[in-house]
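> Now for the letters of each chain:
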Amino acid sequence: MRRMKLAITGLTACSGCQLTLLNCEDELPELLGHCELVYFPLAESGNVLDVQFDAAIVEGAVSTPKDLELLFKLRNASTHLVAYGTCALFGGVAAMNNRVSTRRELLRSVFGAGEKLPESFPPVPLANFVSVDAAVTGCPPEKQEIMELVVALAAGTLPPARSYPVCTECRSHENLCLLLEKRELCLGPVVQGGCNARCPATGIVCEGCRGPVREANVAQELELLLERGFGRDEIERRMSRFKPEWDYGKRS
Amino acid sequence: MEKTFLKTSRLNQFLETLRLFGELHGPTVSESGVHRFSQLHDPAELQLDYRRTQIPPKKYLLPFREEILHYASGSYSEGYAGAGDLVLFGVHSCDLEGIAYLDRVFLAEPVDTGYATRRSRLTLIGISCEPDDFCFCTEGMESSSCDLFLDAVADGFRLSSHSARGTALLTAAEQLLEEGPPPAPRPSGPRLLPQDPQLRFSEHPLWRRFASTCVSCGACSVCCPTCYCFDVREYPSLSGGGTRIREWDNCLFASHGEVAGANFRPDRLDRLRYRFLHKYCGFTPLQGITSCVGCGRCKEVCPVGIDLRELTAPPEREER
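From first to last, the protein sequence lines stand for chains L and R.
Numbering follows the working numbering, in which position 198 of the first sequence is assigned residue number 198; successive positions increment by one, without gaps.
Numbering follows the working numbering, in which position 199 of the second sequence is assigned residue number 199; successive positions increment by one, without gaps.
With the rest of the complex left out, here is chain L (with noise of 0.2 Å):
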């Protein structure tokens, strides 16, 4: 059987959703017998881009011309582009101040006055500049998922979606509600679940890491946590932490 060639990298990153593939160590042995890690520069030298890819997985948001020239390349050569984790799903951690501080101000905060700034831009997701064929969502993503993914590409299929929010897993598993119960500042039921509501089974409200649900009921989460006495500044904060952009008025 012919090896599947795969291509795996990051644009404007921290790198974890890499790491989560390297990570799952009880797989890749058997994983690296039915894919070809042509293009991998994460964990190995001697990497080629110039040939054609079964897939491209790609981690990270869009930020710098050089994030666009790769995501071009990897785009133009692979069957299958996978966006991998929340920054290439929804601009993620990095673009949380989109519209809060201009580029400038951020880049002066980080590199000072005197320097001269790298060029960049406001970060955003792979699907603003080509088209994505799959997605991994999470920040990190799940171990399973990124696997389950892997796999069924191996298979020559993508995997089934799940489209539930946190709180279904997180009911299902006897979790005290934190939004109804403690009246915590919880997204769990605007966010995509299958993370088996990590954070809430722990204490810890949602904080929504995994991105929109489908068919998030946005309207109706800022009003419930408005009634639970948040400012409405603090809520678009925190919903902005991992997607910066959310449509407030958004019921169905």
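Hints should not be assumed to be uniformly reliable.
What the hints assert, rightly or not - In silico SDA-like links for lysine to any residue, alpha-carbon gap of 20 Å or less:
#, chain 1, residue 1, chain 2, residue 2
1, L, Lys250, R, Trp207
2, L, Lys250, R, Leu15
3, L, Lys182, R, Trp207
4, L, Lys143, R, Leu238
5, L, Lys143, L, Pro29
Calculated directly from the structure, the hints in this document are not laboratory data.
For chain L, the structure is supplied; the task is to place chain R on it using the hints.
Coordinates of chain R only, in the frame set by chain L:
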């Protein structure tokens, strides 16, 4: 007179006797304060004055997520792990009726193998309860859909057996029991009356309000003792085969009525009407049978206070 009375002081010994029939589970409270059914390691963990557990006992028969099939080149195997004997103690009438409803669904032809296996090894021991503000069962009703039922009175419990296994339990615990009057016969089955299916098309203004406020979090059906809708998904494996899993689903999710190229219930209002139909009117082959057992969970766990039963009452006249 038969020996059917258990003094409160002998409850712990009675629980020890129950262990002979399987792993003992009952209502307990978690570290974070959530009531749930879980294994009773120590009788002190038992929370007999509980109102309702977050998740009903259906979790023992239809787990939230389970592998139901493995397949590889040329062969397949069903994934049901061997279930052990389990004794579930302290179940309220509403939850017993919930299991009775699930039995009608999963034990009817074609029988669901996993459910049937687990059900056959489950011993159910009911207990009387005090309703709270969320309950909407018919008060005073008592379920006989169990092996043994305990009616709590001042200094103990009046026991009544409803199956051969229940009688075996009474025999095993004979030395702990005293003679007492049999429990007063009570009407069985706290089921609510079915509603007219046409009601789901009513012009009640609440339909629109519920459709706009429902956050589709799934809590109502996750916590419902009779919601059994499930999703089936398949994941390939590297060896060439794959795994099929079954997981609880909710009729208020966008994907629930979705088929290739279309959606039977494209918006939330359609989905609420569908939920109403299934919950309160029933449909083929359980048409005319309401599946609501009045446990009050959906009302308690809904973040936006939706109570579909309000749709059965005439709308309140709007004040000018």
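> Please go over all the hints and tell whether each is borne out by the structure.
Outcome of the hint check:
no. : hint                  : verdict
1   : L:Lys250 <-> R:Trp207 : holds (18 Å)
2   : L:Lys250 <-> R:Leu15  : violated (53 Å)
3   : L:Lys182 <-> R:Trp207 : violated (29 Å)
4   : L:Lys143 <-> R:Leu238 : holds (15 Å)
5   : L:Lys143 <-> L:Pro29  : holds (15 Å)
Hint violations for this structure: numbers 2, 3, all remaining hints satisfied.
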